[in-house]
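This is what each chain is made of:
2 protein chains.
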Amino acid sequence: MNSVDEAYLGYKGRIAGILKNMGLDVGDRIKIARGDRVFEGVLMPREKLYGYRPIIVIKLDNGYNVGVRIDETARIELVAKKKPRIFTKPKIVQRSSLPHVTFLSTGGTIVSKVDYETGAVKPALTVEELLEWVPEIGETAYIDAKVILNVFSEDLTPGHWALIAEKAYEEFKKGKAGVVIAHGTDTMGYTAAAIAFAIRRKPGPIVFVGAQRSSDRPSTDSAFNLKSAFLVAAQADIAESVVVMHGETGDTYALVHRGVKVRKMHTSRRDAFQSINDLPIARVFPDEKKIEIIGRVLHRRNKDEDPLLMNKFDDKVALIKFYPGMHPDIFEHLIDDGYHGIVVEGTGLGHIANRLIPVLEKARKEGIPVVITSQCLFGRIDLYVYSTGRRLIEAGVIPGSDMLPETAYVKLSWILGSHTTDLEKVRKLMLENFEGEINPRLTVNLYPRWII
Amino acid sequence: MNSVDEAYLGYKGRIAGILKNMGLDVGDRIKIARGDRVFEGVLMPREKLYGYRPIIVIKLDNGYNVGVRIDETARIELVAKKKPRIFTKPKIVQRSSLPHVTFLSTGGTIVSKVDYETGAVKPALTVEELLEWVPEIGETAYIDAKVILNVFSEDLTPGHWALIAEKAYEEFKKGKAGVVIAHGTDTMGYTAAAIAFAIRRKPGPIVFVGAQRSSDRPSTDSAFNLKSAFLVAAQADIAESVVVMHGETGDTYALVHRGVKVRKMHTSRRDAFQSINDLPIARVFPDEKKIEIIGRVLHRRNKDEDPLLMNKFDDKVALIKFYPGMHPDIFEHLIDDGYHGIVVEGTGLGHIANRLIPVLEKARKEGIPVVITSQCLFGRIDLYVYSTGRRLIEAGVIPGSDMLPETAYVKLSWILGSHTTDLEKVRKLMLENFEGEINPRLTVNLYPRWII
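Protein chains in written order, with the numbering used here: chain V, 1 to 452; chain A, 1 to 452.
Don't take every hint at face value.
Said to hold, decoys possible - Calculated lysine-lysine pairs in the DSS-like style (CA-CA distance at most 27 Å, straight line):
{"hint": "1", "chain 1": "A", "residue 1": "362", "chain 2": "V", "residue 2": "362"}
{"hint": "2", "chain 1": "V", "residue 1": "316", "chain 2": "A", "residue 2": "316"}
{"hint": "3", "chain 1": "V", "residue 1": "316", "chain 2": "V", "residue 2": "303"}
{"hint": "4", "chain 1": "A", "residue 1": "12", "chain 2": "A", "residue 2": "31"}
{"hint": "5", "chain 1": "V", "residue 1": "316", "chain 2": "A", "residue 2": "12"}
Source of the hints: derived by calculation from the structure; they are not laboratory data.
Bound-form chain V, shown alone (with noise of 0.2 Å):
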């Protein structure tokens, strides 16, 4: 057998001749048989990083990829050519007189698509690659689309924010009635904070949603993610920034959360995304259309609302998680380079060690504004219970009082970028509830129920 140097489909060395000598390609339907087990499916390409295994990945009937290992048993068979694809457009009628809707891609796994001639993955971008995947929103909106970004969600930074906002803002501007953000799962709701921040005098919602399966699993939450969040943007009485993604495992409802009260808490599941210290605001049924309202609703909408864009954010900004045998270290550091802002996330009711107050204390001194948050994330900071609070205190440290740290942080980066940098004003300014991100009245339904 000959082998390639170079990588062919992704795969490289023995399985990259292999395949190029039979002349395979991607959507190609092949069989292999080694020892007494045969496998069927269509050929898919390769991961770069993993390309030198002596493995083959096809895409089964299930719909499931498998790696099949190919050793000196292996025989590999061409069952059909990928057909060439006779691509009839099917006609898309949109209907103006429905709420006009902007979807704005910036990445993520909810823009991705399976391509079911080659069952490989593609983004779907444009408006006719949307209603062709989920022909329900056609009923819910009329629709634009742009992409405005396309990284990872781990990836984004403050200045991603700020983009965000300005595209989201300008379609505001034109008249739009809400707006869907496309958004990569794992930072969702620092971006959903933030732009709750940047766009001030919401003329409707700000919708962000995600997926936390790729469209090319059977268990995919994309379609289902999709059509609620349109439904939201086009409908719902709201003028918030909101994530709305999967309430149960089931298909059966979503949920809105309010961005500056939203986490992602699981890893994995559909419902990763939960309110903390806060009921989301509504429960969404997307296939009747029907959304319920659950919560609280501090903004409704209005198409007169001129809107305001404050989109600088600061990112010399770091949030700060204490552990017992934390160092000074961490904060002089953050004090010696020139840090704007630290929002730290202390234990239980805003603690820190006694040994660190100093460090925070110095901090101060230098006009570097220092909140707390707690770890705990459920509940609200107290700072006059205990003597390690009230030290706190002394030292000028703000209370996050129940503000998620993250949504601290976020809201620290935009005081100091798009406020003001003097440390009095500052305070007040964390202190004031912008946008529903400190709720008055912890309620004892705001806690989950461990044992079900």
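Please build the complex by placing chain A on the supplied structure of chain V, with the hints as guidance.
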């Protein structure tokens, strides 16, 4: 009116002068009339920090403390001097036939009991004080009590973990059936994980217990938690390091959480502690003296087990939370400052910004192990799903599976301190399941329900 410069009973200035001139003491019953209102109760001492405020604090008969503002119209009157205490020591007879349990006190709200005469909160640290306060524990165990530390839990360090492990180990070597450790709630999860690792081959349970509400409040959870903890230490067929705290808002049951899987999830609720990615091991009904196993028991009680102390912790380990806009300088600093290990709280399945991967690779090249966990808390790390994860694998990052970030931090500190600093051995040991810190099977019921 005279005033005194120095504090009197914690009061300062004008108020100190009034109280001193009247010859009042803490514990005296007084009446304060102001306008048409009259307040009567027991005079309380004042926190020095707030002593200058024109307020006198009294404990009302309903148990609550109130601060009464003393303006020019206020009239203060002595109702009755504090009664000299005629102490008839209750005869406490312990039954040595019961399982022998040692109570080790490290500090925290739990060891504060109310002096019902003065209303002041004082520590309960001796066997007599404990049994006088919560007589029921004498029906469960034959008790010994020792004060090993008196620090706020936010001030504990890995050095304190070593001490606590040693003291608990010594009790097992003496043949004790179990150990109860009174601990502040703020960092109890961290310490419970540390002791889980530091004592190998535990013959019986090590039970951490704390209180969310101090014992001068009607809603105190101290006595309930203590009864539950002693019951577990004396009778539960579990030989692990566990946390025993209220299971719900009422006084019906406590939960036994595995120390390596537990987290304080609320700043103030009595049921703040929750098992993450694991069921609690058991439910405890202290008044019925009933223990119901509801989860996995990994080690059963065995009094012939010969415990092994491995209590060295490396205190140059950092726990760093990733956030959007994070700069590499924080990691650069840890490398420059000679840190020995780093645990990162990534997003989602275990991601960080791609721009930070080179500095983590640099850390590994300098011999510093880097472990990745998820700030989602629930679910498991999977670095094979997205390219960012695969790049992290290539960079030599150690995946933290479903370990809590806090537990991964404690474990890395223990492995570096008690086992090895060899990078490949550290990796192997981090992936080894010592104490159930990795749950091989995450079932669907391990995720709490938010909407009730």
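The hints, checked one at a time:
Between residue 362 of chain A and residue 362 of chain V the alpha-carbon distance is near 31 Å, which puts this suggested pair outside the 27 Å criterion. As the CA atoms of residue 316 of chain V and residue 316 of chain A are separated by approximately 25 Å, the hinted pair is consistent with the 27 Å bound. Among the hinted pairs, residue 316 of chain V with residue 303 of chain V is inconsistent with the structure: their alpha-carbon atoms are about 36 Å apart, more than 27 Å. This hinted pair checks out: residue 12 of chain A and residue 31 of chain A have alpha carbons roughly 20 Å apart, not beyond 27 Å.
As the CA atoms of residue 316 of chain V and residue 12 of chain A are separated by approximately 43 Å, the hinted pair breaks the 27 Å bound.
When each numbered hint is compared with the structure, violations occur for hints 1, 3, 5.
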